[in-house]
Each structure stands twice: as C-alpha cells, then as structure tokens.
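Starting from the known structure of chain A, fit chain B onto it as the hints suggest.
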Amino acid sequence: MTTLFTTDHEWLRIDGDVATIGITDYAQSQLGDVVFVELPKVGRSLKKAEAAAVVESVKAASDVYAPISGDVVEVNEELTAEPALVNSDAAGKAWFFKVKIADKSELGGLMDEAAYKAHTA
Amino acid sequence: MLARDEHTPLERTPLHGLHVGLGGKMVPFAGYEMPVQYASGVLREHLHTRGKAGLFDVSHMGQMALHAKSGRVEDAARALERLVPQDIIAVAPGRQRYAQFTNENGGILDDLMVANFGDHLFLVVNAACKAEDEAHLRKHLSDVCVIQPLPDRALIALQGPKAQSALAKLCADAPAMRFMDSGPHEVDGLDCFVSRSGYTGEDGFEISVPAGDAERLVKKLLENDDVRPIGLGARDSLRLEAGLCLYGHDLDTTTTPVEGALEWSIQKSRREGGARAGGFFGADKILAQLENGAPRRRVGLKAEGRAPVREGAALFADSTSIESVGSVTSGGFGPSLNAPVAMGYLPASLAAPGTQVFAEVRGQRLPLKVAATPFIPNTYKR
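These protein sequence lines are chains A and B, in that order.
So in this note's numbering, spot 47 of the first sequence is number 47, and the numbers just go up one at a time.
So in this note's numbering, spot 118 of the second sequence is number 118, and the numbers just go up one at a time.
It is worth saying that the hints were derived from the structure and are not from the lab.
Just so you know, not all the hints are guaranteed correct.
As the list claims (entries may be wrong) - Derived BS3-like pairs (lysine-lysine); straight-line CA-CA distance at most 27 Å:
#1 Lys169(B) to Lys52(B)
#2 Lys41(A) to Lys100(A)
#3 Lys41(A) to Lys69(B)
#4 Lys302(B) to Lys220(B)
#5 Lys52(B) to Lys220(B)
#6 Lys25(B) to Lys117(A)
Said to hold, decoys possible - Computed far set for chain A versus chain B, every beta-carbon distance over 10 Å:
#7 Thr3
#8 Thr7
#9 Asp17
#10 Ser57
#11 Val58
#12 Gly92
#13 Asp112
#14 Ala115
#15 Ala118
Fair warning: this is a prediction, and the values are worked out from it, not measured in the lab.
Ideal Cβ placement from N, Cα and C applies to all residues, glycine included.
Next up, chain B with everything else stripped away, as it sits in the complex:
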C-alpha cells in the first residue's frame, strides 16, 4: 500500500453515515475511513457470512469503464491485452475474468476484474492502486480507448448461502446468474451493475450502484434478517480461508503471476505457441516461468499449533537453520476452520503440499505444513 501523509484527510464512501449509525468501528484503510467491524465482532461476522449472508461496503475500490474509440468492445479488449497476460478478447458479453496488470519485470502492479458489458469493458481495481492504474491505462491505451473512472458509483458485496434469496427479492435476474456473470441489471428499480462473484469463497454478488442511491439500497437489503453488515476484519479472514490473494501483501511488483500461483488465470492463447502469445509487459519472464516454473511460489500454510502466524513472519526450512527461506504474506486465525491459516512464499523445492517448514514467532520456531488452497471449499454457483 502507498504511504500516505498522515495529514491527508481520509476519504469517505457514500455509506459512511450508515456505518457509523450501525455502530461500525471506523479505521483508516487505503486512504478511506472504513468499518473494520460492527458491534458483534469479526468472529461472528465471519461465521454469519458463511452461514447466511454478509453485506460489505467495498466502495473504496476503483470502478472504471473502458470504451474503444471505434465503438467496438473487441478493440478495447485487444488494447487491454497489452497490459495483462489474460485473454480478454475471449471474455463473452455478460461475463467477467480475473486479471493482473504486469510491469516490465513480470511483477504485478495490481489485480483486477474485467467484465464485458457488450459495448465496453467494466473494470474493478484495488483502492490503493486506482490512481496509478488509471494513469497506466491512459498512458498505454489512450490511442485506442477512452478511460472513464466512475467515482459516482458505490460498490457493495452480498456474500453467503443466503445472498441469492436476499438479492432475488430486489433483482429478478439474480437467481439465473452464474459465477462470473456480470452486467447491467435493475436492482430495486436502480440502474446497477451486478456480478456473481466476490472475495469470500462463498456464492454471492457484487453490486455497483449510483452513489446517491447506495444507502437506500443497503438499508433495504439489511431489512432481511439473513443479511448483516460485515466489516473489513471479517472480509480479510474470509478471503484468507478461501485462499484469495490480497494485493500489496500476497502479490506486489516483485511477484510474478507464476510466483503468485496464478497460472490458472493465464489462458493458452497468451502462452507460448498461443494465438496471441506474449505482447504484455514482462511477457518474456512470465512465459518462461509458465514453461519452466518459478524459483519461488506462493503457498498455503497450516500451523500445527494454535498460535496464529501473521504477515511478516520469517519462514525456515528447519527448526535451527539461520537463513530464512521465505516469509508469511498473510496470516491469522480462520474462524470457520477454528485454526490458524496463512499464505507465504517458499522456494519451489519446499512448495509441495505436506512439506514441513517453520515460522519464527516471538523468537520461537513454530511448525507449519504447506497446504493446498482454498483452505475451505468454495461454494461458487458455476
């Protein structure tokens, strides 16, 4: 995350007043004042989301429209492929795909969602990166595209097994949507963009709503007893259990998509021998790593004891070695697993599931095992 001047005033989302009214504990996050939790606390909020439905304000994230000057969405898609290793041309109208902006060294500048809205692309990027992302898009795509940030829209996520029934009351289209469907839909009479996706490992939706209508829509969703407001604390523990990366922690400009174990997100058409192989920043390095593997890799880690192992903890190959072999990039307690969980980077030789490593916590070496992610199975509606 960017270092910010402590005197820079924090921004507020259109739902700020509602959070305060609901008893949200407000903290600075990515330049915004955001609720880390409400009165019931992180643990209950986490379990409520997995059991029923959680409602999250993610309006701090960047929303952007990418229009081709030609008016043809495929021209915008082709242009965006200069900046990401994904096949964007193949994203069908009404669908979205996970992508990464890469740099010349193959490192990740940000991760994002790209949706095809039929006549243009709709992008959702991380809050802390949105200004740089916009500048990056303008610098490299302005010959072909018009980049339009959408700061007048709020973004909310409704996640959990009761998300569909809760949203269906206000949006008749919701039940028919499949995982990673995305497009304009009316929600309670409002012009919204709805995607069936999220950041919890649960089935659910993300809803982009005009800022001025956001509070009314959220209040209406909260009238449903199954739906409760959830803060950033539970958002973090939910995504960690789901094995999902947090940019600036698990991914950054020094990690490539292959090191980040994101090969699944790079389609064949952009790989060696594909129809549009390469042609994005860092392609030489990323394509070579796709063929030959990367020297280090992001892995899931399960602690053998009860002590949480947190971000920054050094990792060691054994209980006495002096040289660390990697570090933890996200870690904490997984309420649904009722156990500590973490992610971190290890040399390829130590990255196989089941490998024992050690984390240094308060001067002690705690045993961990490399584990497959997600730590809990996801429940996406495919």
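Here chain A stands alone, though its shape is the one from the complex:
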C-alpha cells in the first residue's frame, strides 16, 4: 500500500482502486483539540479540490478538500462519535472517508512521505 500526501495536509492510502483519506498529524497539531467532524454522504461524487468534510477544533472550523476525484464508498462513523480520535491517531483510526479513484493520473501530483516531510519542515 502506498501513502501519498497533499499540500493541504491530507494523507491518502492507496489500496487498488480505493483511496482512504485522512488529515496528517501535522494538521491535527495545528488545529488543536478537535470537537466536531462532518463527513460526506456515502455515494457522493467528489471532484478534486472540492470541500468534502469539515473538522472543527475549539478554535475554528476547517474544510477538508477532496485530494482526488471519485465516489465516496465508505465514511468513518466512529469519528463522528469521537472527534478527538483525530488528535490521538490522525494517521490511523481517524481516517475520514474512502473514495473509488476516478482518475489514477490525479495521483501523480501528490507527494510521497519524504517530500511531505520536507514540505512541513
């Protein structure tokens, strides 16, 4: 499985033609204590760069953008019930949603882990 990153601090784990999407540990540390998460509806057709989810900390609300185009096939209901998972396990249990990748060529513009580390350094 490959993990890719966006400049908006999202991660994508690619498994065949499905991408699991979340926000990075760096992003959660910048947001602070997460108190609310709103996820897209299963079946929604996302276009790359459109607002797909919302994450709210005590301080502010932030959009999570679709890093690639595709239909939402699953969302993490556990996150809606326990938003603080974003702070405790951003790269693991706190995944947001999964999409069926519409256009694999969109993955070409994303960063690998080394490039993302350099981006946030």
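Chain B alone, transformed into the frame defined by chain A:
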C-alpha cells in the same frame, strides 16, 4: 475591533518573553502579540481553569486613574456619570462596578470596570478601545478630572477554585476579599491593585502590578502546581460558557445596554424617576427601552446537535424562511458543557428561553434553542 495597518508593529506586554519561554503560541490580538494557547491546548487549559487555577496575561487592557481636581472622589464619580448609565457615586471605597460608555444613540462605545480607590477612581477598559476611551474621557471630563493612563502596569488574572489559596500565599488580604472588592494591596511585597473579579465565571482575582515586577510575580504564582498559564483561546471559551459579553462582538456601537441584556447593570438611581435619572449619552433611548423593552435582545443559544455555531452565522425563525431574524455574535464549543454554545441577537418576540430558532451553517439550517445565561453556574464569592 479597529482595522489596523498590517505594517503597524504589534505591541508586546511585559510578559512577552515569559509567554515565549513557556511555549505560548503567539498571535495578533487588539494590536498586541498575545498567547492564544500553550502546549497543552485550549481544551485542557479551559478545564484546568475550572478545576484548579488559570493564570492569564491581560496586560493589553487599558488601566487608567481618574482623579478629581477637587481631590474628592465623589466629584470624579459624579463626572463619570455623564458618560455611563451606572450609579458611580454609590460605589463604596474598595468596591468596583461593571459599566458601559454609551454614545448619543444609546450604543455602547466600550464596557469597563470602575473601582473606587478612596481618593480616585481606577478604570479597566478594553485593549482595542483604550485610545478612544482616553480621548472620550479627556473631551468630556477634563473640566473636573485629570485622566492618567497607567501603561507602566501589567494586568494578570488568576481564576478558578484554587485561585484564592494560590494568591493567599503571597497576599494575606486575598481570602477576606469578596466578589467585586477592589483596591491597593501588597502582593509578595509589591504595590499592586487587586480585585476579586474576572472573566471566566469562576471565583478569582485580577492583579495590576508594576510592569517591571510582573514577570517575577507570575513566575512565583506558577511555582504553585495548581496554577498554569492560560491563553486567549480558553479565555474566550470560558467567558462564553459564563455568558459574559466580548466587546466588538456581542456589544458594539449599534447595541444598547438594554438590547445587550445588561439592564441588571443599570441602577434605579439612573432610571426614570431615580435621583439622578438620565444625564448620560443616549439616555432618552436607553431609559425608554428600560421602561418599554427593546425591539431585539442578546440571548444565549444552545445547539441541539454537535456542530459548533460560530460568530456571523445568520439566525432564522424556522427551517425554510428566507429572511434572517438575527445573527450569532459569539459561538463555539464549550469544553465544560461538552457541547456547542453561542450568543446572538433575536427579535424580542423570539427571545424567550426555550424558543427554537435555526442557524445557517454551511448551507444547512441547524436547530438551536434560546437558553438562559450563564450556561454554567458561576462560582463568585459574594
């Protein structure tokens, strides 16, 4: 808040170096570089203040002394009553009172604390308004008073159930003080002004200390394990849960004290039929509203769901109406309530507790209920 030139350098409080050393995340606020949070984050800082004691740097706020040229404090009090709808003459030595500067339309120019220090009045005003407040005082009171800003003093707040025990170690007078007592007291040998008040809904103190001694005093207070530094983020969530107004958000020049639900702060002596009725800017409008009510009112709002409803969200009478009936002026997540809380303005007909309204958030109408404030009971030592 005033729009500032982005090239205007931000000011720093006497505690700036300490904040940076403690890991404070510094942000611009009212022209100052202030800590919004420290490493533990807003949520833990908020809960620590309610559970033990939080220490806040509020040195950006304006401190002023108001001396009557006659030397009699009651002359300064009488003069200040030209600018506020409160009874200032009745503020006893060693006591303080919440007040508002009003304009000719009854709108609020700023809200403030006024203390009687025996031979003069001591004022604490908002950071973003302090220059205008000083000019306003000079323009209207210079015939009777000398206005002396006190920029060489820092201001810190110590708030929470352990505030008294923490301060008592350095100030023997502290435990005997009651809510809204205010006056000069020695703290760790320093000439301080101490009031039993704050902006969190908790028991606590505000301490005005000479700027050069502020860091040493704060470090000494932080040696106590119960006391932790708290940033502006938690200060905002604490005051919101306590139902306390933030000037420039919940109150401004377009809101009167009655619309702002601050009637409790206007004593009978300044109302219709009182000994010194009126005689302040906007009195016609404010006195009429005190008698007949205001067309709109500041209310507390509790969300029915988990999504925070923030400042600026439009309010609607039902889930489909096109015309908004008001807006949210402060809102966010209340860590002690573990739920979203907000304040906003609604027409008088929709302002009764329990009334359902809707806020528009990201294109959706979220149900809210008008709720009494404070959202959590305060713990003032009366």
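Which of the numbered hints above does this structure break?
3, 4, 10 and 11
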